[in-house]
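Residue numbers (my numbering), protein chains in the order written: chain A, 1 to 630; chain G, 631 to 1012.
Be a bit skeptical, because a hint or two may be false.
As the list claims (entries may be wrong) - In the DSSO-like style, the derived pairs of lysine-lysine whose C-alpha atoms are separated by at most 30 Å in a straight line are:
id, chain 1, residue 1, chain 2, residue 2
1, G, K751, G, K983
2, A, K538, G, K751
3, G, K887, G, K751
4, A, K436, A, K324
5, G, K983, A, K211
6, G, K845, G, K751
To be verified - To list a few chain G residues with every Cβ distance to chain A over 12 Å, as calculated:
id, residue
7, R699
8, G741
9, P743
10, E951
11, A992
Keep in mind the hints are simulated off the structure, nothing from the lab.
By construction, the Cβ of each residue, glycine as well, lies at the ideal position given by its N, Cα and C atoms.
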Amino acid sequence: MCGICGVLGQVDRPTLVRMRDRMIHRGPDDAGLYLDERVGLAVRRLSIIDLRGGRQPIPNEDGTVRVVYNGEIYNYQELRRRLEMRGHRFSTRSDTEILVHGYEEYGEAIVHLLRGMYAFALWDESQGRLVLVRDRLGQKPLYFWQGDGTVIFASEIKAILEHPAVSRAVDDEALQHYFAFGYVPGPRTMFDGIRKLPPGHYLVAGGSGVKVTRYWDPVFLDFQRAASTEDAVAEIRWRLDESVRLRLIADVPLGALLSGGIDSAAVVALMAQASAKPVKTFTVGFEGGGWFNEFDEARLIARRYHTEHHETVLGAPNVPDLLKKVLWHLDEPLADPAALPTYLICETARRDVTVALTGEGGDELFGGYPRYGWFRMARTLAAWAPLPLRATLAQAVAAVPSRYSLGWRGDVMLRDAPDEERHLEWVGAIRRRERKALLDGGLRPAPERLVAAYLDAAPHESAAGRPGAGASLLHRLMYLDMKTWLVDDILMKVDKMSMAASLEARSPFLDHRLIDFIATLPEHLKVRHLGTKWLLKKVFEGILPPEVLRRRKHAFSVPIRRWLRADLKGYVAARLLAPDAAVARYVNGGQVRRLVNEHMSARANHERALWTLLCFEEWHRLFMEGGRAS
Amino acid sequence: MNVVTVTTDFPPAVGGIQAVLYNTLRHFSVTEKMAVVAPDHPDAPAFDRGQPFAVRRFPAGRSTFPLARASRLTRMTVETLRAVRGTRGDVVLCGHPYASFVGLVARRVLGTPFVVWAHAKELLTYRDLLRRWLPRADAVLVISAHTRRLVEELGVDAARTVLIPYAPDCDPAPAGDPVPAGGGAGNLILTVARMDDLYKGHDVMLRALPLIAAKVPTVRWVVVGDGRLRVYYERMAEVLGVRDRVRFTGAVPTLEKNRLFQECRVFAMPSRDRRIDGGAEGFGLVYLEANAFGRPVVAGRAGGTTDAVVDGETGLLVDPENEVAVADAVVRLLTDADFAARLGKQGAERVQKSFGWPRTAAAVEDTLARVVRTGPVRQSRH
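Next up, chain A with everything else stripped away, as it sits in the complex (with noise of 0.2 Å):
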């Protein structure tokens, strides 16, 4: 795992340097750099294979390819026998090096050799082309910055700030997305200018300016005629044994990240099952977290497949410190929670190994989502239910206080709008009502612009309107899902926060061949009814103990309503109400005081709202003002 920036264009020697150790934490044990007059690339390499052998930037055997990469090629060793064969000669043993033989063999289609999570950049001298990658889900992150025929590209936009050329400013669209979604949607960052390079696409930068194209998107149709749920299953579990077995290469210790969920218990009960010694587990909890606590359920996994278990606990007083460390990795504001305990699992794991299983990416996967059996309830509903028992339903869902949140869900469900509009609502941070008044009438249609955005690049769109071939409800939120919360909040965190801790994650649902297979399944195997994960559960029936089979959806939750309410007050109210408050610059001030007397005196809950502004706040401290303390 590593980090890796570079800049097509002039770019002087220190500055490279600079933006290279910027990185630091992606890759403690080694550095590497490359420059002529054209180009400069660098590294910072965390070493997983070949320890010694895989320094970077690595050249072909003529030196007119090079390459830095960061991220893991499961397929690396297939790949090289067959390139061998082809006559390519080998200098290391490291993955990265099939990177240049296969451009050599198959130019920018060597992307569709590569199975596992990447994002790369390769300096192609003969034809003055610089091709960036990143791999199909997004795992690694990869942004890009271009002006005067220059590209700068970096996996941590932090790297990218350090060119001269780059200045900070907040864009004016990616903060309304981050108001409304609690994270920045790709291709935008939080930086004007600065772009996220989306996943399953390359970008080529050369003499004919810059190109980006896509390479993969999951096709979600569910016309595979799966013979029997048996033949399902038995296909998902070979699939995912393989997916385990790709993921336990490595020459350094591994281990799991390890919730009381379905995902991270399966992949540790495959794990047990391939790996002749105990498996490493991890587990996070919060002090006094009672319901949110899922040490029991953890405990129980570990004992039953033996494994050397570890815990460790979040407290409410490391909130402020912690928080300030998380948002400086994230690079742009993340109003998710689950980034602090994330970071200190991380941490934990960390010190016992470099490499952690985790469980990210079943949800999307499996659709271990609740709310899409009830939007698929609500579509029902407005099918069939009468006209008079609809507006009655309407009339009551209004009549709902404010102060629960049962009347807007009802009325999001309710709404006469596009599905996936009323879903990425449903999943938002800051609701419109309360968006309306923070940005005083500057209300953007956020999500409405999103949606058409992703309306226009997704495969089964096109397909619609010709009989049958228009994907469900169901897998066009899959879809959405994967396309936006998964990449831009899930993976984003799971990268920045392990990478801040110097330890590599990988995921074995991530794996774009399981995907491809499941995505064209049947949508009655995944979600039935209101149930989740049906499919998921029966492969692992018989094998995982049932309570963690029935257990209730239990989305890594911070118990963040209560400690903004009691530990954190007084720090919610020196960030958000001070004078020289960053967010009373971007939002009414008045509304941001509303909100907080309203939360903490209980009459209403705006713990997403909060924590969203909480995060702004610290963010634009840390990366537009220098750091500046409170």
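For this one, chain A is given, so just place chain G on it according to the hints.
Frame of chain A; chain G shown alone:
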């Protein structure tokens, strides 16, 4: 010898088994009297009038309701018994394994032996029933070693099976037509297959296509056939960035199909063997068709293709789940014109020498006659 054929699939309905049965029966030469019992079809009266044999129809119906199914089966059985009486049949040929129930009844009631023709995919449904019926047939015709394995799974003794390959559906074989060496102009790959089951390997071809294009920049892929998966493949082509290299023609008339066989340089269909993807190629007749046009083929080493394709002689057999292997094979045939021409020529010669409907029909008749003469088939080896 008098033969009564009973089947659930018969023209004018369109499909693989339908065509095979018709082409075979049409080439029967030693059979004296023949009758066919088949489901009804709107165009049946016109079709049946033009046939050299009598066709008795029973109501088709589509309902899967158990009572409806039982009633259909009863009608099929009654019609068959009448046909056997009417033609003084010596043997019943069940053209579809599902009809073997009728054979059983006919043998019990009238004492006529029965022979079942097993193709491939149909053996994956009604398995419990087939397990009871099939092993009791006097002989089971299988179209490939793959199908033989499938019927063995259902409890049929291998000694009771007789391997009779299909013949390519381009009768008379056009191998003699002028064929430009190395195929037609342009780097055209052709696939001809229904798009109802994933096992045909369109998805693997799509994944291989960017790799092929990296080596042969002008490559194009023409995909003949239709089905519910077409829209999926179109979307896949889009997301993989190869949409402009692929032409989905849908189903095309035979003349157009033959023109495409002429025009292509390689015929590729990397079929695999996976139950969840709908099964496997029973035989792979279409590879022989391509061969008949002098074209080399790329096929997946799975299912019955090993009987249809001789690796390294009439085409290349590859791992159908590995898109790199598929790409390598296609690229080799596109870039090595001499090699491609040699395989194509050998393929055409093999089709002419060893395959043809008269040959298939004779083999079937031969088996039927054996059963009539000496009772159940007992092959010492196969």
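For each hint, the structure was consulted:
1. G/K751 to G/K983: 28 Å, holds
2. A/K538 to G/K751: It holds: about 27 Å lies between the C-alpha atoms, which stays within 30 Å.
3. G/K887 to G/K751: 24 Å, holds
4. A/K436 to A/K324: 28 Å, holds
5. G/K983 to A/K211: 54 Å, violated
6. G/K845 to G/K751: Violated, because 36 Å separates the two Cα atoms, which is more than 30 Å.
7. R699: With a cut-off of 12 Å, G/R699 remains clear of chain A, as the shortest Cβ separation is near 20 Å.
8. G741: 38 Å, holds
9. P743: 33 Å, holds
10. E951: 10 Å, violated
11. A992: Since the minimum Cβ distance to chain A is about 36 Å, G/A992 lies beyond 12 Å and the statement holds.
Checked against the numbered hints given earlier, this structure breaks hints 5, 6 and 10; the rest are met.
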